Amino acid sequence: MTSILIIVFFPFAASLLLLLLSPALQKINFGTRLGWAISVVPFTCVALILSLLPGVHAGGASTFHIPWVPRYGIELSFLVDGLSILFGLLISGIGFLVVVYSIWYLSEKEDRLKFYLYLMMFMGAMLGVVFSNNLFGLFTFWELTSVSSFMLIGFWYHKDVSRYGATKALVITGVGGIAMLAGFIVLYSITGTFDISEILLMGDVIRASDFYVPALILIFLGCATKSAQFPFHVWLPNAMEAPTPVSAYLHSATMVKAGIFLVARLSPAFSGTAFWTGLVAGVGLTTMVVGGYMAIRQTDLKGLLAYSTISQLGMIMAMLGFGTQYSAEAAIVHIINHAGFKAALFMIVGIIDHGCGTRDLTYVGGLKKEMPHSFKIALVGCLSMAGLPIFGGFISKEMFYESTLHMPYSGFPYLIPFIAVSASIFTFAYSFKFLIWGFFYDAPKSPPHHPHEAPALGLFSPALLAIIVVLLGIAPGFFAHGVLELAASAVSGKTADLNLALWHGVNTPLIMSFFTVVIGIFLFMRLKKVVSVQDKLSEKVPWLSPNFVYNKGFLEGIPPLTQACMRWFQSGNLKQYLSVIITFVMLSTFGLSISQGNPLTFARLFQTELNFVHLLTFILLIVASLATVCFKNRISAILALGMTGFLVAFFYVLMGAPDLALTQFLVESVAVILILLVFYFLPPYFKEAPPQRTKISDISISVLVGSVMTYYMLMVMDSHLTETIAGYYLEVSEKLAGGRNVVNVVIVDFRGLDTMFEIAVFSIAALGVYGMLKLKKKPKHISKVLGSK
Amino acid sequence: MKLLLPLVIGVLFASGTYLMLQRNILKLVLGLSLIGHGANVVLISSGWIGTGQVPILGRDESMPFVDPIPQALVLTAIVIGFAALAFLLVLSLRVYRDLKTTDVAEIKGQKG
Amino acid sequence: MNSLIFKTITKVVSPILMIFSLYLLLRGHQLPGGGFIAGLMTSAGFVMIYLAYGCERFDFKHRSRVFYFMFSGGLALSFLTGLAGLFVGGYFLKSGVAHVEMPLIHENWEFASAAVFDIGVYLVVCGVCVSLMTLLGEEE
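Chains as they are written, first to last, in my numbering: chain A, 20 to 808; chain B, 143 to 254; chain C, -3 to 136.
Derived by calculation from the structure, the hints in this document are not laboratory data. Treat the hints with care, as some may be off.
[Said to hold, decoys possible] Simulated restraints on C-beta separations:
{"no.": "1", "chain 1": "C", "residue 1": "97", "chain 2": "A", "residue 2": "86", "range": "53 to 61 Å"}
{"no.": "2", "chain 1": "A", "residue 1": "783", "chain 2": "C", "residue 2": "51", "range": "24 to 32 Å"}
{"no.": "3", "chain 1": "C", "residue 1": "65", "chain 2": "A", "residue 2": "86", "range": "47 to 55 Å"}
Here the structure is a predicted model, which is why all the values come from computation and not from measurement. Quick reminder that beta carbons are idealized off the backbone N, C-alpha and C, glycines included.
Whole structure, please, built from the sequences with the hints as guidance.
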């Protein structure tokens, strides 16, 4: 089972190695060799994952544990089953193709080192997500994918749009991640374990729990933000500012599928209720329609693919939401179909971008002649995306239609198939827009460069993907029996038996497909008109877009809000800070002790007799401390403070603490002289004339503090003394430390380390004083630091 | 007596708090010092058992000893308090030198 | 402070204070006293001298380094005591007691390693207090 460790940590190790070697590597001209060296990593992972496959075929799922925080059940543990194998193969396989593609794509000028560093970090994190068997391990890897995605979207960080897109992605997926963490904790409170394979067996307990709905909503928030589900999809189009290999890898084939993965992974535990279907399928279908609606509007080819990805993710999510075994199988089939054709199409867009200097359909068109090979690949990809026969997309679309016909918990039996068909019409239209506008029609304007075809190296990866897409259509059984059945049974919890074929005879899904194609062609013919209507609509009601909410509400709304909070809480007014802190601490602890502590009995308070010396000391102490407050003359106030100190020293004598009395006495003498020395340099008290209101609030806060402290002291003295550790010290002081003065022995011997640190602090105070008095800086600088004038 | 001691502690804390809430930095220093006294007295009082013997061994073993641990604690607290006091004093001196004010509200620049 | 009475008192009292503080330091393990108290008392003696004579009798201004060395040396001494405990006794600040028969006076004296630690404390407290005072006194 160590191969699973290698699979997950090899990419991380490669990333770390790049980081450590970067100073050395920057000096040599590594050219394209770096990319070839890195491509070994995903290739190894593919091989290792394939080597795990026979074991899963034979014995089902297996797990592997490394304890981390055993007390809370947090550990690094991995689960190898059909689902994780499928995703692992997707991640490492497409990862390999993307690395090869990027060798061609990234020019000399780009920082290839950094690119591969982030890419490998992402790959490791993603493999960690899909193989994790512990919710905390999963969460850690999940957040790592967000971070590395942030880095990759902002790869060209000198561009404003890149930074905007990167921040947006991080904010949205990050907030979702936090919600998901909360959901995991709620889930833990239901099941008492973070172990995913155990949680999957507790489906009945989870569904019956009162916390089922909150746990599901919170976890689903994480999945929906990651998988760009409506209304959180807005980050994905902006993430297209990343280099094209990144878009192909992260934002179509892998990272955005992490949310899908988690929904699929947890569906044995959560699915099977009306709420699950309503939430997951509802969100999925909405996303599918919105994504399709937006995709047909785009003129930027990458934007078109981004919205198409959103729409397709919504479709997979909807299938998982239906919760039947058949729909789970359909979802799994579509995951691999979509990864294949979408990654290929993204790579083609990268080639077009390279060849023409732009990827906007206003400039790009009629590329069939100049780019014959790219055209063939795009043809395969688009037809599969549109769901036309002999390609994999057709099979999964038929399965989707079939599953909409048999879904449970549907109040309106015709509504869901109707939504499915109309969303697929959009899909058909934008697929043809990509293909026909890009390769047949001439563009209104001419591109910056004359288009030219990419070399074989650039075409290798998309071509290989196109071949797989074709194979998925004509020989689906090979994939189905290899891994898809295993994955589907991991999702549905039952043994799956996939019989995939292109031709099932004339049935309802086929009729639905027929309508899709006919209306789709009609929509494509009228596309320009439809788009102009859409543009008018979005001009009239801009607030309808979730982007509006993000830009106006979040980007422009949050900073003033935080500034207002800052001004309110961090006013810089010491008095306000103190008042708030003191009042809060006093009231909260007082409330707590009233509600939880024992009531005062006064039983022990009257035990001691009246003692005249004590009484006199106490009264004098009260008088002296009040005098410190009341004296208007500062010299008198200092002397009153000194008086208080001496009285406290006398109090220590009464309490049987001669060491303390001596210390207090000496400290007070030196301190009074020190205070007088300093006050000599300072101006006399200035006339303070605070408004009456301030004075009253000062007095009431002080009285509050005084009375709460009095109450505490009464409670302390009223309660029974518990055994202290003093007995031990008194017993062994002479024997072990050879001292009879226990206080001193405690200071220099038993608690010697404390004392050592204390004298260190004492010395630091002296150093601070030295610095403040000896180091003279320009007052201007100091006032800037303190924020004055 | 046990009834009066809590009152003493309350007064020490209350007057210290009042001084700390004033705008004069010197009063702040004095107030902090008073609160320090209050805290020390609290600690020592919690070890008070009425009639107790000074915790020095080797004499009359019949009477119970006063708890030595709060004493050791407070002894270090007194000395640290002294260091903090000295530091604060010099800090206020430096503030006055550089900003020409001893008003806490002015240091922040509220009054222009 | 130009008072003849205070100067005269200082002349008598400050040596007594300092010698008594040494006594307090050494007996601290057995009776009230110890490094903190002794250090404060010694510095009280210095404070008196400073207040009465300024820099007349003891050149605080140019000898302030003495006190800086005093507290840094004291800190080092305490730390070294701890290290000695680590090497001899096995863990940091491990203390030990030794009873030694003194040669001429034939008395059994007790030596505790904690006493050395206490001397370090004494040096730090005294050094810091006097440094604070001289630093403030140098101000114009």
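Structure-based check of each hint:
In this structure, residue 97 (chain C) and residue 86 (chain A) meet the distance hint of 53 to 61 Å, their C-beta atoms being roughly 58 Å apart. Checked against the hint of 24 to 32 Å, the C-beta distance between residue 783 (chain A) and residue 51 (chain C) comes to roughly 27 Å, which is consistent with it. Between residue 65 (chain C) and residue 86 (chain A) the beta carbon distance is about 52 Å. The supplied range of 47 to 55 Å therefore holds.
Comparing the model with each earlier hint shows no violations; every hint is respected.
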